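Student: Next come the chains, spelled out residue by residue.
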Amino acid sequence: MIQSRSRARWAPGLLAGPGAAFMILVFVTPVVILAASSFLDSGKQLTLAHYWRFFSEPQYFSTLWNSLRLAFFTTITAILLAYPLAYAMATFSSGWRNTILIVTILPLTISVVIRSFGWQILLRNGGPINQSLTALGLIDEPLRLLFSETGVVIGLVHVYLPFMVLPLASAIERIDSRLEEAAMMLGASAFRRFIHVVLPLSVPGLAAGATLVFTASISAYVTPALLGGEFIQVMPTMVAQQVLTLMDWSFGSAVSMILTVVSLFVLVIHWATAARFTNWASRAEVVK
Amino acid sequence: MSRAAGRLYLLKLLVAAILLFILSPMIVVIISSFGAASFLYFPPNSYSIKWYYEIFELDGLGEALANSLLISGIATPLSIVLGTTSALAIARYKFAGKSALMAMLLSPLVVPAIVIGISMLQFFRSIDGLSTLQAMIAAHVAITLPYMVRTVVASLEMEDESMLEAAKMLGANAFQSFAFVTLPTIKSSIFTGAIFVFIISFDNYAISMFLSDAATTTLPIKMLEFIESRTDPAMAALASLLIVFSVILLCISTWAVGLKRVARMSGG
Numbered sequence: 001m002i003q004s005r006s007r008a009r010w011a012p013g014l015l016a017g018p019g020a021a022f023m024i025l026v027f028v029t030p031v032v033i034l035a036a037s038s039f040l041d042s043g044k045q046l047t048l049a050h051y052w053r054f055f056s057e058p059q060y061f062s063t064l065w066n067s068l069r070l071a072f073f074t075t076i077t078a079i080l081l082a083y084p085l086a087y088a089m090a091t092f093s094s095g096w097r098n099t100i101l102i103v104t105i106l107p108l109t110i111s112v113v114i115r116s117f118g119w120q121i122l123l124r125n126g127g128p129i130n131q132s133l134t135a136l137g138l139i140d141e142p143l144r145l146l147f148s149e150t151g152v153v154i155g156l157v158h159v160y161l162p163f164m165v166l167p168l169a170s171a172i173e174r175i176d177s178r179l180e181e182a183a184m185m186l187g188a189s190a191f192r193r194f195i196h197v198v199l200p201l202s203v204p205g206l207a208a209g210a211t212l213v214f215t216a217s218i219s220a221y222v223t224p225a226l227l228g229g230e231f232i233q234v235m236p237t238m239v240a241q242q243v244l245t246l247m248d249w250s251f252g253s254a255v256s257m258i259l260t261v262v263s264l265f266v267l268v269i270h271w272a273t274a275a276r277f278t279n280w281a282s283r284a285e286v287v288k
Numbered sequence: 001m002s003r004a005a006g007r008l009y010l011l012k013l014l015v016a017a018i019l020l021f022i023l024s025p026m027i028v029v030i031i032s033s034f035g036a037a038s039f040l041y042f043p044p045n046s047y048s049i050k051w052y053y054e055i056f057e058l059d060g061l062g063e064a065l066a067n068s069l070l071i072s073g074i075a076t077p078l079s080i081v082l083g084t085t086s087a088l089a090i091a092r093y094k095f096a097g098k099s100a101l102m103a104m105l106l107s108p109l110v111v112p113a114i115v116i117g118i119s120m121l122q123f124f125r126s127i128d129g130l131s132t133l134q135a136m137i138a139a140h141v142a143i144t145l146p147y148m149v150r151t152v153v154a155s156l157e158m159e160d161e162s163m164l165e166a167a168k169m170l171g172a173n174a175f176q177s178f179a180f181v182t183l184p185t186i187k188s189s190i191f192t193g194a195i196f197v198f199i200i201s202f203d204n205y206a207i208s209m210f211l212s213d214a215a216t217t218t219l220p221i222k223m224l225e226f227i228e229s230r231t232d233p234a235m236a237a238l239a240s241l242l243i244v245f246s247v248i249l250l251c252i253s254t255w256a257v258g259l260k261r262v263a264r265m266s267g268g
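Going down the list, the protein sequences come from chains F and H.
Using the numbering used here, the first residue of the first sequence is number 1, and each one after it goes up by one.
Using the numbering used here, the first residue of the second sequence is number 1, and each one after it goes up by one.
Hints in this document: simulated from the structure, not taken from any laboratory.
Remember, predicted model here, so these are calculated numbers, not experimental data.
Some hints here could point you the wrong way.
Claimed, not checked - Partial list, derived from the structure: chain H residues whose beta carbon lies under 7 Å from chain F:
| # | residue |
| --- | --- |
| 1 | Phe42 |
| 2 | Leu88 |
| 3 | Phe123 |
| 4 | Ile248 |
Said to hold, decoys possible - Just so you have them, the derived chain F footprint on chain H, three or more residues with Cβ under 8 Å:
| # | region |
| --- | --- |
| 5 | 48-60 |
| 6 | 102-109 |
| 7 | 223-232 |
Glycine is no exception: its CB is placed at the ideal position from the N, C-alpha and C atoms.
Using the sequences and the hints given, assemble the complete structure.
Tutor: What follows is the structure in structure tokens.
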């Protein structure tokens, strides 16, 4: 008995120790050193100069704006595409439901390099999208899709759509189907049922999905680099440029800290308000 | 057709169109890989499978593939062991700093990949005697650990505690109750978690890119180099093979734990 109690006291330390030690060494230490170097000048003195430089020069500041704008458009587009999929998953037959689920998950297992390659073929000037638009007589000149903001947003939506669909689908599945039936019996049209029943009750899933998509999009490096090229500058590509091309580590680390803080800020807002969304949805359910 | 049925038909059409959007980059890559011309066209004018043979002629691709398999092959078991032991501590015991531990283990999911990449580049460069491969293995364990921890914690929380009580009463020691009670219930989660960890590591570009050097690259890095320098369908052929590989792994994990659990594992 005494033996097992002492074992129980040591067990969590023994079990968690290796993982914790590994993460402190390989993950926490490097990030802390990077954070520290953003506050040091070339003479190793404390300084805020790198941050000041970022916020005082419009050229750098506009990169932050680019990132936020692209993440915003990506999130809105993802919401618009995710609602039909999530709604269909919750209400259609199981055949539809499994097909949607498999198609949604599949891209997650395929390298972003391969997916961007596919989008490069689709979006380029002589690519199928421009060819069909020209054939239909909708455009005379090929649209600039590749190496444009449109291309980057399409690529980002494609990469992060699953993070929108999955939480949204589980929120819609939890909605009591009697609520929609009641609305239908009271004569509400499909559109009004969606606006007044499904939409408000799916807000917790929507908030969770939108937070994931937004924070992932502002942090994305590979998709903007491959589909935007040198024409689209966002925070992550600017960090890579400062560090790898210009070798300006201290400014690069300051930019990466600003990026980290912005993306954590969005997460914190979500965590702080998530309980309220859930309360709201459950209060609405009590009304039944 | 009634108005309601018409609307349902429209919704189905819309859903099918969105699914096509999701699949389109993969479909385009697979179709173009069968083009006969030495410039990649979509759709191809004539078809051939010659680019699938051409893959084996590409310089440096074999080494990159070997590196990728080595890195993911070592990182995956390390991630399984560290992730499972940490998950056991979190799901089974109460101790000081538990939520801090959980936050630290999951933090690679919230810190932007580029920040992880350059911080590790800066840090690992300062350690003498650490090879590029070793640095990449360590990095891959760190970024895959959150998936393993989350998956195993979720499945441990579903475990029947009365079974553990029974094992204890029957005189099983900690190791026996782990081997005969806990392990059988969490093994399918560990298995699927391991498949996902392998895929995430094998596909990783954003972090490997910063740690690689001219002599040591991985498959995604080498592929991108070829995509940027070649205009023929050879890379489409290689990409198609990797897409098929992913589909197979997804089928295996669906077979092991069911589609729902796979979805929960991959979604945030």
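Student: Any hints this thing doesn't respect? Which numbers, in order?
Tutor: 4, 5
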